[in-house]
Amino acid sequence: MKKRGNATKILALVMVLILALGSLAGCGSSSSGNQSTSAEKEGTQESSVSKENSAEASTDSGTAEPVKLTWFVDVPSFSFNSEGWGLDDMTKELTEKFGIEIEFVTAADDSGSQLATLISAEDVPDIITLEGLWDTTSTNLIKQMAESGMLYSYNDLIDQYVPEEEKAGFRADILAWYALADGKTYAYPNYAYSTDDVPEGKGLIPNRCIMVRADMLEQLGNPDMSTPAGFLDACERAMTEIGTYDSLDVIGMQLYEEGNEAVDIVSAYFAVPWETEDGQAYNSWLNGANKETYAFLNEAYRRGLILDANYTDGRDQVKEKIASGRVFALLAAPQDFADSFRTLYENDPNAYYVPVTLRNAAGDDPVLTDISGWGYLQTCISANCKAPEQLIRMISYLVNDEGAIHMNYGWEGEQWEWNEDGTIHVLDEFKEASQEDPNLRKKLGLVCFDLFANNAFLIQFNEPLDLTNEIDLETYHTNDNYLKEEMAIYSHRPAQYKYDPQDERATKYNEESVKSRSYMTIAQAELLTAPTAEAFEAKYTEIQETLPTIYDIDFCLEYTNDALQAGKAQLGVKYFWPPYAEAAGE
Amino acid sequence: MIKTLGVRKKNRRRFNWQIFLMAMAGVLFLAIFAYVPMFGIVIAFKDLDYTMNVMADLQSKPFVGLDNFIKFIQDAQFKTVMTNTLMLGVLELVITFPIPIFFALLLNEIRNNFGRRLVQTCTYFPHFISWVVFGGIVTAFLSTDGGFINSALMGLGLIRSPVQFLSNADYFYAIVIISSVIKGTGWGSVVYVAAIAGVDQEIYDAARVDGANRLQMALRVTLPCIAPTITVLLLLAISGILGSGFDRIYMLQNPLNLTRSEVLDTYIYKVGISQRRFSFTTAVGVFRSIVAVILLEAGNITSKKLTGNGLF
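From first to last, the protein sequence lines stand for chains A and B.
Numbers given in our numbering equal positions in the first sequence, counted from 1, plus 297.
Numbers given in our numbering equal positions in the second sequence, counted from 1, plus 973.
Here chain B stands alone, though its shape is the one from the complex (with noise of 0.2 Å):
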């Protein structure tokens, strides 16, 4: 080990400045959008509800401890938008995650070229829609008032009178996780393509010598080669659990649904940032990233023990 790092002396320059900045502009980055801001987790200890200025009442306010944590525990809504929270990301991950990676092996059996692209830009096209467009163009679809999907289903003689999909609070979930995975998995499945590209042909060439059909290649190839990658993914994804998205779910938030879809972010927002309570506020937050980081630290165990794999 020594005596490499002595051949490699003689070659290169003992310091790489270049690249060490380089590497500093990325850790100056952190430092400043991720560590210093941490400071302000303080402000979940302390009693700055309704404050006008936050960074003078930071130092002349005393700790009160544990109490805007136990506020939120104990309000009328935890419940509520806890559950919604949980139910959503689990359903995400059942349902929203597996689809790119099934929809990443389908595209990778599209040997025509051209085919293959135009899949492609079509299903990411809808990515770059933003949730406020898209959720109102999911709105005008379902609405029971001359909406697309009713009046279809009506003509088709499916059903007799329009479904309440929006005014229904039940169909809430079903709607969330359908439009997403319809505007996130062309997008979601780019990495898995990036994968799959990388995988050693002569894997395949082993495997057509041994007799293997495209379902059995892609199954038995395929999948196994990219399993670390979607472990990184998936651990990522976990800890992302109570993270629903504010954008899609407030646009499709009613006064009818929100039984269902009141979750942590909205609640944040609704209750935290406009009634200017941001201890209340920030404990929330705090209280989700500590959730985030016991879920991606067994998630890591778990994976470690069961695939080898983990995230770190």
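With the rest of the complex left out, here is chain A (with noise of 0.2 Å):
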């Protein structure tokens, strides 16, 4: 009796020492985040030491340990196209020239949720790469975080670390325009032309456009779809006439998931200035001026050219209706599709997609642009970071002439050699065996990561496609860059609007513009799918007169023009709309 007395006082003791434990956990993490924190200042501090003792660091530190670098990406789409750090050729080759080794983080949603907990939680990841200048909320917090010390600039950094001779790497026009008003630049965009990298007079390849399928534009005997009415006819007809692809029903216009993006794609198609007449930002609801290309789109929908579908859809889906050959014509960047467009190609030969010239009703020629200038993401260096040397280092690397061609081409002698014109020829044995093993360049690390890609230098590299061959002919019908040339000459660069991340207002425009935001999702994709002409028009009257009562439209137009003329002023021109420009004689 008394023995188990003992035992049933032994067992509540244990039961709850392991609540006790239990319920400790929580803090015992956090005093080990601090250890982790304490022994990173170190870090910090003894890399700073080595880089005073010895002139050469990066050297010293490609035989000590590697430091491990965290990389958060508040990109949902971005992935990291290798093995995994480490496992492949060209990570291991730079944590051995640069001593560091990077995990890569990529957001799970495009909420920004993740990266706001992290900040303000004082865990911020040694790298970050945020969303374009296009997005208000990442700008916005780059400047915040730069004015609390959180970042360090690239000018800093570039001039402790980086030689005299790789510091052209960073392209000066670029780091300019990134500049905050301490005129120190805090985030490197990727994709950005440099004016130092775009040859006088030559035309830049769109980034998004309109496409639609040869094979099937043949069967319907090449019916004309430059203009409006004569684009959706074809349309119908391919889903009427043809019917099926491989016993699946053709969709006659495919957009991105939710819709998204069709309204610039076809209102660039459609020529909607950027500014009036007498170049200031203007609300395009307001004078109507989208009005034509809302009404295509909404036309399309009831005509049952866009499947209903297209607006519940995520990303896979869309991927993997353009894979299995159901779509006619695509509205879309055809990089973002290019997996898609080769399982297509590699079942059938014959079905690839061309351009085609989209026109208003008044015949206008399109004015597309890239992302010039803008940049695709910014990539910020945080003032944690365990290794700023070796960090700006690599990035040099990866900036200037051998890296970028390295990273892109692979090993010379091995993947590529040089032609005698200086542009480089993909050896054919690789050509062949990537050709076999689709995985081949993710398992050798080419182009793992695009994050410093500067695509306006790289591109004149390009050799010429010899078509006789049919990996070069696979690649000419399915890679964006040769699917788009020929809308080079609709391309334009764009509006370089100037933000000013100083400015007081941000934050409330940041506020209104969420509003509108959350308004015109709505909206937008209930004036689209209107059942009726009638229904359309009435859905945009009444957009038209609720708009106003949203958000702050005045204050945004006025905060929108400001930037709008400060770009124009940054850059020496009138007119940023190029119609207007030309008519001007700039």
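It is possible that part of the hints are untrue.
[Unchecked claim] Straight-line distance between alpha carbons at most 27 Å, and here's what the computed DSSO-like set of lysine-lysine pairs gives:
no., chain 1, residue 1, chain 2, residue 2
1, B, Lys1243, B, Lys1034
2, A, Lys812, B, Lys1243
3, A, Lys812, B, Lys1034
4, A, Lys739, A, Lys481
5, A, Lys812, A, Lys836
6, B, Lys1044, B, Lys1243
7, B, Lys1052, A, Lys805
8, A, Lys836, B, Lys1034
9, B, Lys1052, A, Lys812
10, A, Lys795, A, Lys865
11, A, Lys805, A, Lys865
12, A, Lys365, A, Lys739
13, A, Lys389, A, Lys728
14, A, Lys365, A, Lys464
15, A, Lys365, A, Lys740
16, A, Lys464, A, Lys481
17, A, Lys616, A, Lys389
18, A, Lys795, A, Lys871
19, A, Lys739, A, Lys394
20, A, Lys616, A, Lys739
21, A, Lys812, B, Lys1044
22, A, Lys481, A, Lys805
23, A, Lys836, A, Lys588
24, B, Lys1243, B, Lys1052
25, A, Lys805, B, Lys1044
26, A, Lys805, B, Lys1034
27, A, Lys464, A, Lys389
28, A, Lys836, B, Lys1243
29, A, Lys805, B, Lys1243
30, A, Lys805, A, Lys795
Honestly, the hints are just simulated from the structure, not real lab data.
Each of the two chains sits in its own frame; use the hints to bring them together as a complex.
Okay, structure coming up:
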């Protein structure tokens, strides 16, 4: 009896201990977190000491244990195109050269909440990549982080650690464009077009385009798709006359998931101006400038050319539809669907896309744009970064000629060799091998991350394709650069809004634009899917009337106009809208 | 009373420290995860939107009173968001809440043990699938482009063209409620099954002697016996009326159904957390908690008056 009592007591004690430990587990992890931050601080001190001691710190760090850095990419669609850091030759080489290992963390969704939490918990990752300049939330965040001393400026790091001969890798005009009020640059974009890299008079390849399936177009007898009516008719005929592809129903028009970006794409083809005739910013709703675009997309929906599912699908469903060959006309940036294009082409070499030139009812030329100047994603270096020196040396390598070519093409002699004219010849063996094993480039780590890619620079090394060669032919039909090439004649450098991040109004502008966005997401979807032409008219008028009550339009317009004028002032031009600029003789 | 305590003192230790410690662990848990975070409510009354360092600014920034609450109430989306949240909450209470009770009563009538376990396991199963997956399944089933439901209805000749389940906002409430019923009924009935198991068999025997049939026994014996359990769960459900369950709504949302699918939870996430508007978000959260407390208190008082049972 007594023994049993003891057993119960011991059991009770054990349980209490377990519970107590369990409830303290939360505190435990935070204390270990503190330890790691103090270790980080020591790490930074050490690295700064080692830098002072030896001029060639990078060679030293190659032999030492690599520093692990966390790179947070706040863009859910980003993927690190490798088997994992250190598992392929390219990243192994980077680790050997610069003594750092990188762990990529990609945001789970595009809400930004993950990063917001990390920042407010003072657990800022070493490197942060955010959406580009167009995303005011990201731009404001960078400004705020810079002001609170949470970021290194590129200028300081470059001055301190980058050798003189490598400094030109960071293009001066890009740094200047991204500089904050203190004259320093805290974010560097990828895919930005520096004036140094774009040959005079050469057209840029646009980012997005409208394309249709070449085989179906031929089946329909190459109808004229350059007018809105002709375009819609052709799509309708593809659905009724061709009907099925590989026993699946043909889809007349495919947009991005949830119908995203379709309005932007069509309005570019319809040449909706970026500014008024006297060079001021305007709201395209209030003066109805975008009405033709909306009416076009609504008609396509009403005629059943755009599937209802298009508005509820995710990106994967869109990819699947393209790959299975169901999509006749596609309104998108082809590089986003490169895999689908290849799958389709490999099953049927006649099934590939060609661009079409859609024009507005007045027959104006399209005004297409690249993401030039803006760049794509911006990358910042956190002041917490455990190895700022090694990191900036690595970035410097990536943006300089040697590194950029190496990252893109691989090892000279193994994957490529120089042509006499200065272009790069990708070796046939490598082409064939990568044709057989689509993951080969990934295994080698080529283009494993493009967060510092400079497309404008690399494009000069592309040698002309040999279209008698099957592999080159596939590239020609599925690679976005070749697909979009003929649209370059309509391509222009887009308007460069120069938002001043120091502007006090930025916060209010941000809040107001969230309000308008929340309303517009719903209203635009309802407008595009209006069941009748009358319903469309009614909805359009309703939006025009409601919009001014939702948010402060005048304030936002004034703010954007200031950014527009500041951008023009910096570039020294009077007009952004290419036709106006041409007329003014700019 | 004092006497009995005196008697107990002789047999037992004066102070049951083991039990006390075990209870304290629970108290500690509540203190750390429920009471300490409550200080964060202060954020709602200060202007900490877009702040970089919440802890530091919490001390330095001045109070702004009810500004954040007013901002929320004046927001253009306030009406839509509140309507959707309340509508879904009420529908949940009226439809989703009673179904597990009936289901438990039905389960109780299955005399075959194997059959009952089979049904229970099958109906529990969806509970263990996350909403991310379940939402994907629902979306795929309801798709207009080859989705199972539309294909089946068309195959049966019930409809001519696919029904736009996901893109027509009018269907949204129904989709959420029905999918919640499918996912939650089995799991929700666990508590009631347990309560039914605890009903005294003698009452059934007595009822049988009085000539009651099975339906009468279920309605006149089982149901009244588990009424206290139902009351407690109902009161808890009422207090949760403004919490629509973030996952399921977020998963089923798309631009075409936002007029019906934007609820407090998703609104807080999109406008607040994503935009780093900490104070605004906290204010919305506090607003929701206050409403929940009021509803809970009202429900409790009503329940006590009507049935004599209450939570506290």
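Each hint, compared with the structure:
1. B:Lys1243 <-> B:Lys1034: holds, 24 Å
2. A:Lys812 <-> B:Lys1243: Holds - the C-alpha atoms of Lys1243 (chain B) and Lys812 (chain A) are around 11 Å apart, at most 27 Å.
3. A:Lys812 <-> B:Lys1034: holds, 26 Å
4. A:Lys739 <-> A:Lys481: Roughly 36 Å between the alpha carbons, so the hint for Lys739 (chain A) and Lys481 (chain A) is violated.
5. A:Lys812 <-> A:Lys836: holds, 19 Å
6. B:Lys1044 <-> B:Lys1243: At roughly 16 Å apart (the allowed maximum being 27 Å), Lys1243 (chain B) and Lys1044 (chain B) satisfy the hint.
7. B:Lys1052 <-> A:Lys805: Holds, because 22 Å separates the two Cα atoms, which is no more than 27 Å.
8. A:Lys836 <-> B:Lys1034: violated, 44 Å
9. B:Lys1052 <-> A:Lys812: Holds, at roughly 14 Å.
10. A:Lys795 <-> A:Lys865: Holds, because 8 Å separates the two Cα atoms, which is no more than 27 Å.
11. A:Lys805 <-> A:Lys865: The hint holds at about 24 Å.
12. A:Lys365 <-> A:Lys739: Distance ~22 Å between Lys365 (chain A) and Lys739 (chain A) Cα, so the pair holds.
13. A:Lys389 <-> A:Lys728: Holds: Lys389 (chain A) and Lys728 (chain A) sit about 23 Å apart, inside 27 Å.
14. A:Lys365 <-> A:Lys464: holds, 25 Å
15. A:Lys365 <-> A:Lys740: Holds - the C-alpha atoms of Lys740 (chain A) and Lys365 (chain A) are around 21 Å apart, at most 27 Å.
16. A:Lys464 <-> A:Lys481: holds, 15 Å
17. A:Lys616 <-> A:Lys389: violated, 32 Å
18. A:Lys795 <-> A:Lys871: Holds - the C-alpha atoms of Lys871 (chain A) and Lys795 (chain A) are around 14 Å apart, at most 27 Å.
19. A:Lys739 <-> A:Lys394: holds, 20 Å
20. A:Lys616 <-> A:Lys739: Holds. Lys616 (chain A) to Lys739 (chain A) sits at ~20 Å (cutoff 27 Å).
21. A:Lys812 <-> B:Lys1044: holds, 12 Å
22. A:Lys481 <-> A:Lys805: With Cα atoms ~24 Å apart, Lys481 (chain A) and Lys805 (chain A) stay inside 27 Å; holds.
23. A:Lys836 <-> A:Lys588: holds, 11 Å
24. B:Lys1243 <-> B:Lys1052: holds, 16 Å
25. A:Lys805 <-> B:Lys1044: holds, 13 Å
26. A:Lys805 <-> B:Lys1034: Since the Cα atoms of Lys805 (chain A) and Lys1034 (chain B) sit roughly 19 Å apart, the hinted pair holds (cutoff 27 Å).
27. A:Lys464 <-> A:Lys389: Status holds; Cα separation ~25 Å.
28. A:Lys836 <-> B:Lys1243: Given that 27 Å is the threshold and the Cα spacing comes to 25 Å, the pair holds.
29. A:Lys805 <-> B:Lys1243: holds, 17 Å
30. A:Lys805 <-> A:Lys795: Holds. Lys805 (chain A) to Lys795 (chain A) sits at ~17 Å (cutoff 27 Å).
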